[in-house]
Amino acid sequence: MDMVCSNCSFQETQDAKFCSSCGQQFGPAKLTIKEFIKDLIDHVFNLDTSFFRTIGRIFIPGQLTLDYFNGYRKRYYHPLRLFFVLLVIHLGVLGGLIPFDIIFNQISKQTNKIQTQNLVKSELEHFAANSKDKASRLAVDSIKSWFEIGQDTSAKTANNLNGNLSVFGRTNIPLSDIILLSNDSLASKYDLPNYWLKLGYRQVQKFLLDPKAMIRYVLGNISWMMIIMVPMIALFMKLLFRRKSRFYIEHLFYLYHWHAVAFLLGTLLVFFMRNYIQYYVVPYFGLIILFGIIAWKRYYQQGWLKTLFKFMAMGFAYLMLFAFFLSLTMVISFGFF
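In the numbering used here, the protein residues as written are 46 to 382.
No lab work stands behind these hints: they were computed from the structure. Bear in mind the structure is a predicted one, so any value in this text is a computation, not a measurement. Even for Gly, the Cβ is constructed at its ideal location relative to N, Cα and C. All clues given are correct.
Ranges of calculated distance between the beta carbons of each label pair, as one might list FRET restraints:
#	residue 1	residue 2	range
1	F367	F316	18 to 26 Å
2	I339	D236	58 to 66 Å
3	Q347	Y325	26 to 34 Å
4	L284	K251	40 to 48 Å
5	D112	G331	23 to 31 Å
6	I322	S233	38 to 46 Å
7	F281	Q346	14 to 22 Å
8	F316	G360	23 to 31 Å
9	N157	I322	24 to 32 Å
10	P238	G137	39 to 47 Å
11	G265	F316	12 to 20 Å
12	P238	K351	52 to 60 Å
13	T94	L284	34 to 42 Å
Please build the complete structure, drawing on both the sequences and the hints.
What follows is the structure, encoded as structure tokens:
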């Protein structure tokens, strides 16, 4: 008995696994969680042979863009999907493998020290309140003094050990209070005048308590920043070639391919050299810029002087837009984390 595709009503032989008309897989109409996840991965990433063929071609500067606009499109991964997949992988590797614990070690140590001191102080005060003999109370006072957390040394501790912090240039507050007090208690104690100061200190508190989580949140938002920013750079490139019969989409796909190389190389760098990444950052960006120049020369077929001039103009616009969007992303991330 022939089967009928539920998607396009095309009749297919009984032993077929996929509809030859629309390509949908034959199976039950209801989806299990396993099938849903499999379909999601297939639709978002779809890492078929064209993906690996594209990766093999992408390291030849400008060649992939040339092939794509010379009509060889079916054999290669779509530039937007390639850009998105490698961006997600890159940011995922950055968030998972960069040793944020080591980078923010001093912050974590300071936060843990303040929290430990506060816990010890609370336990000692509880013990002192339940101690009836003078010797026990004297012992508690001695221990509190040794930890420098008694009432008579709290100011010294706040100023010399914990330090003060000022947000938006207003209100120096000891780190111990920022870490230990709730946002409402902090606002009441230091009379924070408006919503923005309260928000600033609340987010600083979240960063001090878990810096890794905030950095990963920012990295997630950077993906959206790049998706919005790259088409704007392509628009600027369209202006650079206003006298040439170049379509906007050509500049956009050039940028997608160039960024895909940057994401892929960056991912490999972090994966294999994450403990020594500080030594490779400058050579990495130098290599990416050189790759971009050669790809530009090869695709746009202009002389070296024009190529360098236009690439430098694009690079300047890129840095300006990147700085603007990164600042905006940091502000938004800081406000909503």
